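Peer 1: Order-wise, the sequence lines are chains P, A and G. Going by the numbering used here, the letters in the first sequence line up with residues 1 to 93, in that order. Going by the numbering used here, the letters in the second sequence line up with residues 1 to 329, in that order. Going by the numbering used here, the letters in the third sequence line up with residues 1 to 80, in that order.
One thing to keep in mind: the hints can contain errors.
Cβ pair distances, simulated, as ranges [claimed, not checked]:
1) V4/P / H255/A: 51 to 61 Å
2) A94/A / T6/G: 40 to 50 Å
3) A82/P / M278/A: 56 to 66 Å
4) A8/P / V260/A: 19 to 29 Å
No lab work stands behind these hints: they were computed from the structure. Small disclaimer: the values here were computed from a predicted structure and weren't measured. We put the CB at the ideal spot given by N, CA and C, even for glycine.
In case you want the letters, here they are:
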Amino acid sequence: MYYVVTIATLITMALALARALLGPSVYDRVLAANMFGTKTVLLLSVIAFLYGRPDFLDLALAYALINFIGVLAVLEFIRRRASSETADNGTGR
Amino acid sequence: MTVLFGIFLLTLMVITALAIVHTRHLFVAVILTGIFSLLMAANFFLLDAADVALTEAAIGAGISTVLFLGALALTGEHERASTSSRLLALSVVAVTTLIVIYATFDKPRFGDPLAPVHQHVSPWYLEKTSEAIDIPNVVTAVLASFRGYDTLGEVFVVFTAGIGVLFLFGARPPQNPGSPGKITAKPGQGLRHYLIPRIVGRLLIPFILLFGLYVQFHGDYGPGGGFQAGAIIAAAVILYALLEGEAQALRVMPHKLLIVLMAGGALLYGGVGVASLMLGGNFLDYSVLAADPVVGQHRGILLIEAGVGITVTGVLLSVFHAFASRGKN
Amino acid sequence: MPNLYTRIHAASLTDTMGAVLVIVGVMLQAGVSLAAIKLAAILLFLLLTSPTASNALASAALLAGLRPGDTVATHEEQSE
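So that you can see chain P by itself, here it is in the shape it has in the complex (with noise of 0.2 Å):
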């Protein structure tokens, strides 16, 4: 039965990566990795129960505390970046 899991989760990790692969804009891809994210978190906690190590759960609750830091670090990059060319360009929007 976690075999099924397994490979229900691998399929849509693929699936998120030909997303981040494709996507037109960069948020696409932003979105895909942090969609990437959660599934790890899912893929680590069954595949600690199908191994029988109930121990190796730290690891996805590490993951699922450090992927919400990724995605606030791109919005404090695109934060930036729109208001550094407010400042040059003088024009507002």
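Please build the complex by placing chains A and G on the supplied structure of chain P, with the hints as guidance.
Peer 2: Same frame as chain P, but now just chains A and G:
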């Protein structure tokens, strides 16, 4: 079945790597590098290497992405087209790849118990850990005690990398005569005006710090240890810096404190070695640190893992602040 | 999926409901143990952070000028 999952993940990694090389938009390359690190961490997890998977996930997918984005904010976003011919490079890479593939034909089968890597020192480590050190996680025992000297080298490598980055960023950029003070006020705000990420982020920071401490001290019993814990604690402070602005984060943890952390961790590690010398044993022989050798080993492992965690935290935060507080001039 | 914002909505479905179903399923397999408490913590953190990340991404896209009405092709014509 493990082999099938492993092959699937490795195929996804090859596709991602080709896409990273192909794209000229560097922001896209950074995001794809994060996905590559995640695939690598999942692969390590399938191979039952949990400590390495935790380190790869924490550093590769979390902190590296933030540092790369910080560097991209200072430089341009598009790669310049290369002008020289790439045929020579392509042929060198192709020949090397064929040689390496040929070399893998001689490797033993995956999981073969008669392979040389399972023969000489590994059974000795597996036996001796329960007698001499008595902790369940053999990886930490090998890393911290049997091969403690190599880990000392690793801590000093991390420390040197931190010094190198601080030297490079210590040079002041030339002042722009156009607009002196206006631009540097803006980048220090952080995400203060975006309420939802700010509130949820501030809610999570204490839990991330607590989890970092748990990983640090739980390294004897499960996956964990100093490197992973240092990365997680640095990630928590970086989250605070992203939300409130790095000027505020520098008020909480100033530069001097970060430099003390960087040097202090390496000093603690070396100090444990010197203390064991002065108590009569060899350098980094923890058995002499207490009356009972096993208790001595436990104390030694605790102290050096703390040293490793402190240095890694200090270095990652110094590198982050070096990138982030250097606004566009 | 014509637009970034529709894709964000579609992806957030798996992040919340999919995560709840998978993790509750594994929790039922684990019984009452430390592993179940860790899984509950993972579920809690996933439910807190995934919607926030979607919100942050949509804010970033809106800040850069990608309006919800247009498709990506027209946006890139405007900004380049």
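Peer 1: Now look at each hint and say whether the structure bears it out.
Peer 2: Outcome of the hint check:
V4/P and H255/A have their C-beta atoms about 52 Å apart, which keeps the hinted 51 to 61 Å range intact. Against the hinted window of 40 to 50 Å, the Cβ-Cβ separation of A94/A and T6/G comes to about 43 Å, which satisfies the hint. Judged by the Cβ atoms, the range 56 to 66 Å given for A82/P and M278/A holds: they are separated by roughly 58 Å. Distance hint check for A8/P and V260/A: the Cβ-Cβ separation is about 49 Å, which falls outside the suggested range of 19 to 29 Å.
Violated hint for the displayed structure: number 4, the only one.
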